[in-house]
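K.L.:
What follows is the residue order along each chain.
There are 2 protein chains.
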Amino acid sequence: MNKSFIPFNRILMGPGPSNVNPQVLKALSKPALGHLDPQFIELMDEIKSLLKYTFKTENEATFVLSGPGSLGMEACLVNLVEPGDKVIVAIGGYFANRMAQIVEKIGGHVIAVKETWGRAIDPQKFEDAFKQNPDVKVAAFVHAETSTGALQNAKVLSEVAHKYGALVIADTVTSLGAVEVRVDEWNLDASYSCSQKGLSCVAGMSPITFSARAVEHIKKRKTPVQSWFNDLNLLLSYWNGPGKRAYHHTAPSNQFYGLHEALLLLKEEGIENSWRRHKENSNKLVARLKEIGLEPLVPENERIPNLLTIKIPEGIDEAKVRTDLLNKHNLEIGAGLGELAGKVWRIGLMGYNSSEKMILFCINALKDVMR
Amino acid sequence: MNKSFIPFNRILMGPGPSNVNPQVLKALSKPALGHLDPQFIELMDEIKSLLKYTFKTENEATFVLSGPGSLGMEACLVNLVEPGDKVIVAIGGYFANRMAQIVEKIGGHVIAVKETWGRAIDPQKFEDAFKQNPDVKVAAFVHAETSTGALQNAKVLSEVAHKYGALVIADTVTSLGAVEVRVDEWNLDASYSCSQKGLSCVAGMSPITFSARAVEHIKKRKTPVQSWFNDLNLLLSYWNGPGKRAYHHTAPSNQFYGLHEALLLLKEEGIENSWRRHKENSNKLVARLKEIGLEPLVPENERIPNLLTIKIPEGIDEAKVRTDLLNKHNLEIGAGLGELAGKVWRIGLMGYNSSEKMILFCINALKDVMR
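Just so you know, the protein sequences line up as chains Y and Z, in that order.
Just add 1007 to wherever you are in the first sequence, counting from 1, and you've got this note's numbering.
Just add 1007 to wherever you are in the second sequence, counting from 1, and you've got this note's numbering.
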């Protein structure tokens, strides 16, 4: 105590946070700005524009929440769901379960479409739920389920939901920047993400976007949005100027510097190039893992490229492996979560870390501690 | 666009953010850590301990929310207030109004004790409201009302509320670290603050504390807490270990580095010394302002030392003065808010900025642009 904190220089290859691009770290230390400074308003506008690029959307209601991805999840649900609304939630993992919990807290009625953990949601099951519940208002799913490593076919799920007139909420926390996400083309009505995974930024911010249809729906709600902080009507008065920025909260200027730099770097690479890089490095990592006897849980065509769930081989003390990786190699990988606790490791290869150098580092460290 | 963002090196003497201590800025750029890393858990424990020192409390439920002060406001209210509860809110400014708005969103019944903007709440009026509403569950006030410059007598208001069996929520956003705040001695049941004012840190975090009585009250609620992100039961499972940290959200490691450093610096100075420094420099600033014909709005014994509301003299274009200060001197001061828009400037002298050097800078800049 009473000493400045000096973190270890960890290699973060768990489910996130991932390592931050050094240019982003540098940006964090710049002098703070007031949240209504004209220069800060310009920065907000640039972030909006860069986020539109990143989400592949023209949605005017595209901005960043001043809190982590789980705040983004609550923001999407609390704005689009009213007490009493029926909400279909496709659940094949821990984070979709959280969506259902939030819907219940709002007073919505959850219709769960359950899938085996580690598999993508079956679109037929999803459609059956709509057939049985034609009055569903909102459908929600986790595009890249961080707890299982399964990637949904977001385009198909969204088509199904819209066929039945529902609004679609997609969690893109683990996919944005690293895996193909096309908000407009896939017709997603609301999506939220995080800053510390595919974007190579520090944790604590939630990029978010709402379609014009979603914004219209929120304006026509019968009941006020339960949350003040997350009320989209108030947030848009702050974010969507010009000339009429209404004070909402004190935005974290230095966090925004970091996000801006991270988004610039992503645009410089080109988002399609980033998606390709993540896919290629993922294939290489899987091949190397197989060489040392480790197998992914998720079938190849349903797998999140940048986050692999790896089956723990018989007779291995999984916690000891993780502790040894941390203590001997400064390498963090993730434990299983929920139903998969003790059954898998989670290895992330995302953003700044998605490179051959990191694949080698990870494989060598694993070989060493599993010897 | 497509260029790294380079903020002006502004002197921030508005209502906050205030300038960040350079050591804190430096801490932000250290390598990121995972939110469940043993070293990060240690950091969280140190932050808890430093916040207890700062809040003058032994409350076990003392930690930091991963979002700005207004999220802290919502967290206190949404945990302590149930739909249908009567809540007395002492309202003499913009931020107390916000408290009332949040209570209404929760479905609580607001009993407003209204005070003239720029004056401290009259304890007699406050007590009268309890006499007329003996079934009030919760009372809330803003200790240092950032919109008016008025400081409440928190100790007396808290005594009144407890006399009638209510739980007390105090907003210490503008007071913590700069003005005397004694959570335990004053018997405050919940209090939240921010990071970017008296603590000389970057914006985006909300230190928060709940008394054992408040925690007990929350556990006995009849209805679940409406918010998932702000549900104290879930937050405490993450913050209060050891050995049983349940994942809640991905904490912003680099923001926490900054807060830790800022709290260490405050402890190094000694919090009573910090209170004294703010008071002494405030007196000096007021004296110098009077020399150039500027008068504080709030009577001396009700004034927030670190945030002055200054009456705008006849015939002065207040917006032009602020713009000139910004453009010619890189100096930000605040405009009036709500009822006081156009009637006052708000000049903050807090944290790292509370020094003679800054007083001189501010006076000279004001003299120059008002010439």
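What the hints contain is simulated information worked out from the structure, not anything from laboratory work.
Just so you know, not all the hints are guaranteed correct.
Keeping only pairs whose Cα atoms sit at most 16 angstroms apart, straight-line, the calculated EDC-like set for lysine to aspartate or glutamate is [stated by the list, open to error]:
| hint | chain 1 | residue 1 | chain 2 | residue 2 |
| --- | --- | --- | --- | --- |
| 1 | Z | K1010 | Y | E1049 |
| 2 | Y | K1010 | Z | E1321 |
| 3 | Z | K1227 | Z | D1092 |
| 4 | Y | K1010 | Z | E1049 |
| 5 | Y | K1364 | Y | E1302 |
| 6 | Y | K1335 | Z | D1044 |
| 7 | Z | K1327 | Y | D1044 |
| 8 | Y | K1010 | Z | D1092 |
| 9 | Z | K1010 | Y | E1287 |
| 10 | Z | K1335 | Y | D1135 |
| 11 | Z | K1010 | Y | D1135 |
| 12 | Z | K1010 | Y | E1279 |
| 13 | Y | K1093 | Y | E1049 |
| 14 | Y | K1010 | Z | E1053 |
| 15 | Y | K1010 | Z | E1276 |
| 16 | Y | K1327 | Z | E1053 |
| 17 | Z | K1010 | Y | D1052 |
K.L.:
If you draw a straight line from the CA of Z/K1010 to the CA of Y/D1135, is it 16 angstroms or shorter?
P.N.:
violated (49 angstroms)
K.L.:
Can you confirm whether the C-alpha distance between Y/K1364 and Y/E1302 stays at or below 16 angstroms?
P.N.:
violated (21 angstroms)
K.L.:
Run the distance test for Z/K1335 versus Y/D1135: straight-line Cα separation, threshold 16 angstroms.
P.N.:
Not satisfied, since the Cα-Cα distance of roughly 65 angstroms exceeds 16 angstroms.
K.L.:
Mind checking the alpha carbons of Y/K1010 and Z/E1276 for me, to see if they're no more than 16 angstroms apart?
P.N.:
holds (14 angstroms)
K.L.:
Can the restraint linking Z/K1327 and Y/D1044 be considered satisfied, given a maximum Cα separation of 16 angstroms?
P.N.:
Holds - the C-alpha atoms of Y/D1044 and Z/K1327 are around 14 angstroms apart, at most 16 angstroms.
K.L.:
Are the Cα atoms of Y/K1010 and Z/E1049 separated by 16 angstroms or less?
P.N.:
holds (12 angstroms)
K.L.:
Run the distance test for Y/K1010 versus Z/E1053: straight-line Cα separation, threshold 16 angstroms.
P.N.:
Holds: Y/K1010 and Z/E1053 sit about 10 angstroms apart, inside 16 angstroms.
K.L.:
For Y/K1010 and Z/D1092, compute the direct alpha-carbon distance and say whether it is at most 16 angstroms.
P.N.:
violated (45 angstroms)
K.L.:
If you draw a straight line from the CA of Z/K1010 to the CA of Y/D1052, is it 16 angstroms or shorter?
P.N.:
OK: Z/K1010 and Y/D1052 at ~13 angstroms, within 16 angstroms.
K.L.:
Is the straight-line distance between the alpha-carbon of Y/K1327 and that of Z/E1053 16 angstroms or less?
P.N.:
violated (26 angstroms)
K.L.:
Within a Cα-Cα threshold of 16 angstroms, do Z/K1010 and Y/E1279 meet the stated pairing?
P.N.:
Roughly 20 angstroms separates the two Cα atoms, so the pair is violated.
K.L.:
Please verify whether Z/K1010 and Y/E1049 have alpha carbons no more than 16 angstroms apart.
P.N.:
Since the Cα atoms of Z/K1010 and Y/E1049 sit roughly 12 angstroms apart, the hinted pair holds (cutoff 16 angstroms).
Checked against the numbered hints listed earlier, the structure breaks hints 2, 5, 8, 9, 10, 11, 12, 13, 16; every other hint is satisfied.
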